[in-house]
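> Sequence:
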Amino acid sequence: MPFSLGLPLVDDNVKKRNLPMYFVPHGLTPVDPEWIGRWWMGFFIIGLTLFFPSLLLFFFPKPKANSPLNLVDKHARKNSKGQAIMPKSFKSKAADFAKVISGVLKQPVYLGAMTGRIVDVFAFKGFFVFLPKYLQVQFGIPQYKVNMYMGVTKVGSFAIGVVLGTLGMRFLKLEGRRAAGWV
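Numbering (my numbering), first residue to last: 3 to 185.
Think of the hints as simulated: they come from the structure by calculation, not from any bench.
Virtual Cβ for every residue (Gly too), placed ideally from N, Cα, C.
Warning: the hint list may mix true and false statements.
To be verified - Label pairs and their in silico Cβ distance ranges:
1. 59 <-> 100: 37 to 47 Å
2. 110 <-> 144: 42 to 52 Å
3. 108 <-> 83: 26 to 36 Å
4. 60 <-> 103: 13 to 23 Å
5. 76 <-> 174: 29 to 39 Å
6. 47 <-> 151: 14 to 24 Å
7. 141 <-> 97: 36 to 46 Å
8. 141 <-> 167: 42 to 52 Å
9. 145 <-> 88: 33 to 43 Å
10. 33 <-> 115: 29 to 39 Å
11. 106 <-> 174: 56 to 66 Å
12. 33 <-> 167: 40 to 50 Å
13. 135 <-> 66: 55 to 65 Å
Construct the complete structure from the given sequences, taking the supplied hints into account.
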């Protein structure tokens, strides 16, 4: 069981007269699997990995200073003269926002989709949260290995899903509703 986070948190947040001693597991060394010593190395490696490809962004052309295009808001309200009416205050913006939100919340398709997603999250949240502990207890695998396996499978399945979804969208030439159905 890792003691690296819980006990320092208790020690830092409990008065010294209530917890006068600092409890740590004896014999914890850098070769112990429960040792969490170089946690920052992952951020360093990922930062270096992302730094070099990001240098390619400097080779994109600079944007043109004067754009001949004028952006027109098609959804802006207009008065009798055809001029756009801009909201004058935060109160009017908040009222418009409330009208839009109430309109969205009255849509049965949206409510059904959100209800389905909420039920889905409730159904699988406990499973995903406690799966590493279940694997550790049931199969006797050390916690650091279970977390590594879970990370590899989650990241790997995410990558496979992105690749297969991209290939499916490209080769089936899905657009609009068909693309939403594919998702």
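> Now tell me, hint by hint, if it's right for this structure.
These are the hints, each one checked on the structure:
Taken as a hint, the range 37 to 47 Å holds for the pair residue 59 and residue 100, whose Cβ atoms sit roughly 40 Å apart. Hint check: residue 110 to residue 144, Cβ distance near 49 Å, so the stated range 42 to 52 Å holds. Take residue 108 and residue 83: their Cβ atoms lie about 33 Å apart, and the range 26 to 36 Å holds. Judged by the Cβ atoms, the range 13 to 23 Å given for residue 60 and residue 103 is violated: they are separated by roughly 41 Å.
Hint check: residue 76 to residue 174, Cβ distance near 31 Å, so the stated range 29 to 39 Å holds. Between residue 47 and residue 151 the beta carbon distance is about 20 Å. The supplied range of 14 to 24 Å therefore holds. Taking the beta carbon of each, residue 141 and residue 97 are about 58 Å apart, not inside 36 to 46 Å as hinted. At roughly 32 Å, the beta carbons of residue 141 and residue 167 sit outside the given window of 42 to 52 Å.
A C-beta distance of roughly 57 Å is found between residue 145 and residue 88, which places it outside the suggested range of 33 to 43 Å. Between residue 33 and residue 115 the CB atoms are about 51 Å apart, so this pair departs from the stated range of 29 to 39 Å. A C-beta distance of roughly 30 Å is found between residue 106 and residue 174, which places it outside the suggested range of 56 to 66 Å. Here the CB-CB span from residue 33 to residue 167 is close to 42 Å, well matched to the stated 40 to 50 Å.
A C-beta distance of roughly 57 Å is found between residue 135 and residue 66, which places it inside the suggested range of 55 to 65 Å.
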